[in-house]
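Going down the list, the sequences are from chains U and V. Its first residue numbered 1, the first sequence is counted upward by one per residue in our numbering. Its first residue numbered 610, the second sequence is counted upward by one per residue in our numbering.
Don't read these hints as lab results, they were simulated from the structure. Check each hint, because a few of them may be wrong.
[To be verified] Think about it this way: if two alpha-carbon atoms lie no more than 20 Å apart in a straight line, the pair counts; the simulated EDC-like pairs of lysine to aspartate or glutamate are:
1) U/Lys340 with V/Glu796
2) U/Lys544 with V/Asp745
3) V/Lys729 with U/Glu335
4) V/Lys713 with U/Asp573
5) V/Lys771 with V/Glu796
6) U/Lys314 with V/Asp768
7) V/Lys690 with U/Asp229
8) V/Lys660 with U/Glu39
9) U/Lys6 with U/Glu39
Remember, predicted model here, so these are calculated numbers, not experimental data.
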Amino acid sequence: MNKSRKLLSGNEAIAIGAYHAGVLVATAYPGTPSTEILENLSKYRDIYAEWSTNEKVAMEVGLGASYAGVRTLVSMKHVGLNVAADPFMAAATTGIHGGLVVISADDPGIHSSQGEQDNRHFAKLARVPMLEPSDSQEAYDLIEIAYDLSEKYDTPVLFRITTRVAHSKSVVELNEKRIRKERTKHFHHDVGKYVMLPTNARNRVPNMHRRIVELTKYAESTPVNQIIDGDSKIGIISSGVSYEYAREVFPQASFLKLGMTYPLPPDLVQKFVGKVKKLFVVEELDPFLEENIKIMGVHVEGKKHLPRFGELNKSAVHHAAVQAGLSDLANPVDEVNLVKNLPGRPPLLCPGCPHSGAFFILSTIGKRAKVLDAEGRSEEETGLIITGDIGCYTLATYPPLRAMDTTACMGASIGQAIGLEKAGVSSKIAAVIGDSTFMHSGITGIVDAVYNDAKITVIILDNGTTAMTGHQDHPGSGISAQGVATEKVDIEKLVLGAGVKDVHAVNAFDVKAVRAAIRSALDNPSLSVVIVRGKCAVINRVRKNPRQIDLAKCNDCGVCVMIGCQAIQKRNDKLYIDATTCMGDECRICEQLCPKQAIAPVSGKSVGG
Amino acid sequence: MVGVGGQGIILASDILGEAALEKGLDVKKTDTLGMAQRGGSVTSHLRISQKVWSPLISPAEADILLAFEKLEAARWVNYLKPDGLAIINNLAIPPLSISLGSQKYPGDQEIIDSFKQRTKKVHLVDGSAQVALLGDTRTLNIFMLGFLSVSLPLDIDLDAWKSCLRKQLHPRILDINLRAFQKGREEASSVNLG
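Full structure from sequences and hints, please.
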């Protein structure tokens, strides 16, 4: 048995590969499906790893480290690169010193994101090389190549993965012999390279174009781009996880497998064209390869048959192949008639979630519960508009809470609230944002609200962690990515320092206090901030004295059900609380809300006030 | 493997993946969980062979569907291949829409009937009840893995399974899980899995 054979996710393989390639500095902001890359890198004691405040800062820290001559990794999800686009373009312009690899983890099919986008376009936009692994082995191998390319061609390298590569596990043969090379940490003063005044930038930009010409030559001969000879009738051009699907759908075909997808190798493409009768490009999302190959004057098909959005799979590729006349219909298997009206299982806030009480209260204000339909729609304005943000708490959009009216991107809740107010809507406006998201990009929004006298309420839900992505620390938690205690950024002081006059912090599990604070903030005609503070239930994990419903007292009014707590369930038309998931003493939100006092600990005694 | 967030499905599929890796086989495994920690559906695809390309299983392709919850079983029936093996834990975790009264949880017979359109080999297993008797309902995932191990055509012997469990589980919970695994095997041996 070979001991170096391991079953690794793409993200784990990238982390080990980067470590073996000698990475010394790694930065990231958590975001599915990229989070585990930095989580894994942070375990190595001989590198510096940080959760940055946001992706833009991560890129800037990464660029600084690269200028010092060390190999650096910056990772983020696809939309993170939007946030980091400014320093990313700057890095592409100045070039690097120590190898700089930027990982973009795209999310085709939107498993856990606010949108879908194909970040391969960023490589072309920034004129930087792009590598795309198909599985964990390639992720491990390509990372080292990425660093060599970065340093040889004085450029950041875009390393693009997708959810299915990041989160799938496959077998990796590790090269344990790889030794981390010591690098000199040294900043060379070079104003012409590092100071992008227009005069200097004008000199750097031609370099970006020249390096693409050089990289095109590299792309022709690199083993990461290869022709796999098969039947000459069909030639498939593919990359990333799409290649894996295509290999199964076209077991006999010839393949041009591209590990480097920008710049493309025109001669290699022409050589492949000469070998096969019909060409088909199999790629997820946009026709990126297809369009860039068509520019070479080659006639290819792809997106005429393949979907332009959503995640690919074998069935989708096979369906397209049949449509393109490249494959026969498989023997059909009759679809099973599913049980009719199968209930869905949308994710919900956890039992004991500190956000539940605040959202329940918000859901009862301004006639929201009456005016909004089941989908959260209404032509008529309710008395309260709730602009939302990105985190677990976005789940409060779902029934029964329906307590969110907008969610766009990280930090947008505050700006949107200001815009609604300045446009002159008649309702009150509350922006709801989590603590990590507030640090990420809510601070500039608050400053804008102070500066422009916005008459809104900002509710900061502070659960002390970046919960959605798996509980990473952040500036407000006071612990670094590598577990070191650090200065805790104080949200109250920060908000007060920005000039907000009306700031209140309340215990998330004290329903009366939360209600009073939100009511009073909404009644304030100028800017107000409420910080609702309570530990994330998944981190807390303390379960004591689960509650139960006394059916003799319960009149089935349904208030407790409207909290949206997973532990409150119905069996044979009778409400009950699931004792294995109820957080009991730590939460007590349902107990405080029950108008009939029918909810009490299983032991029969209530604890606390 | 399908079920609900919190049932330990990912760990169970990790252990199976490692066991197959130890056998020298190629393994690909992919989990779709979205925001599963928060009670959503969880699906883990495992493909094991001499050489595996796609990590995702296509409809009508799975040799075995191991379901930790009945509603989730019903949702994934189309992924089972004709005459494939379905092992379903006899447990209902009603989603919130049931408590809100807007939807109804399907009956056992309805679920079995939908499976019968594709296979005769459908087994409703009292896994949750069995592990409750053992004293720890959190061992359901390892019970289900034990049940599955009897019908897996991978020639992994009991010692190999145990060594895998030892590697993957914390020593504090190893003993009860080894018992759950054994219990699952016994349960599987007592029924005809076809």
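The hints, checked one at a time:
Using a Cα cut-off of 20 Å, the hinted pair U/Lys340 and V/Glu796 is violated, with the two alpha carbons roughly 31 Å apart. Distance restraint check for U/Lys544 and V/Asp745: the Cα-Cα separation of roughly 17 Å lies within the 20 Å cut-off, and the hinted pair is therefore satisfied. Straight-line distance between C-alpha atoms of V/Lys729 and U/Glu335 comes to about 16 Å, which keeps the hinted pair within the 20 Å bound. Our distance criterion of 20 Å between C-alpha atoms is met by V/Lys713 and U/Asp573, whose separation comes to about 11 Å.
Between V/Lys771 and V/Glu796 the CA atoms are separated by roughly 17 Å; this keeps the pair inside 20 Å, and the hint holds. The straight-line distance between the Cα atoms of U/Lys314 and V/Asp768 is roughly 36 Å, outside the 20 Å bound, and the hint therefore fails. Between the alpha carbons of V/Lys690 and U/Asp229 the distance comes to roughly 32 Å, so the proposed pair goes past 20 Å and is violated. Under the criterion of a C-alpha separation no larger than 20 Å, the hint pairing V/Lys660 with U/Glu39 is inconsistent with the structure, at around 30 Å.
Taken as a hint, the U/Lys6 and U/Glu39 pair is honoured in the structure, with Cα atoms around 18 Å apart against an allowance of 20 Å.
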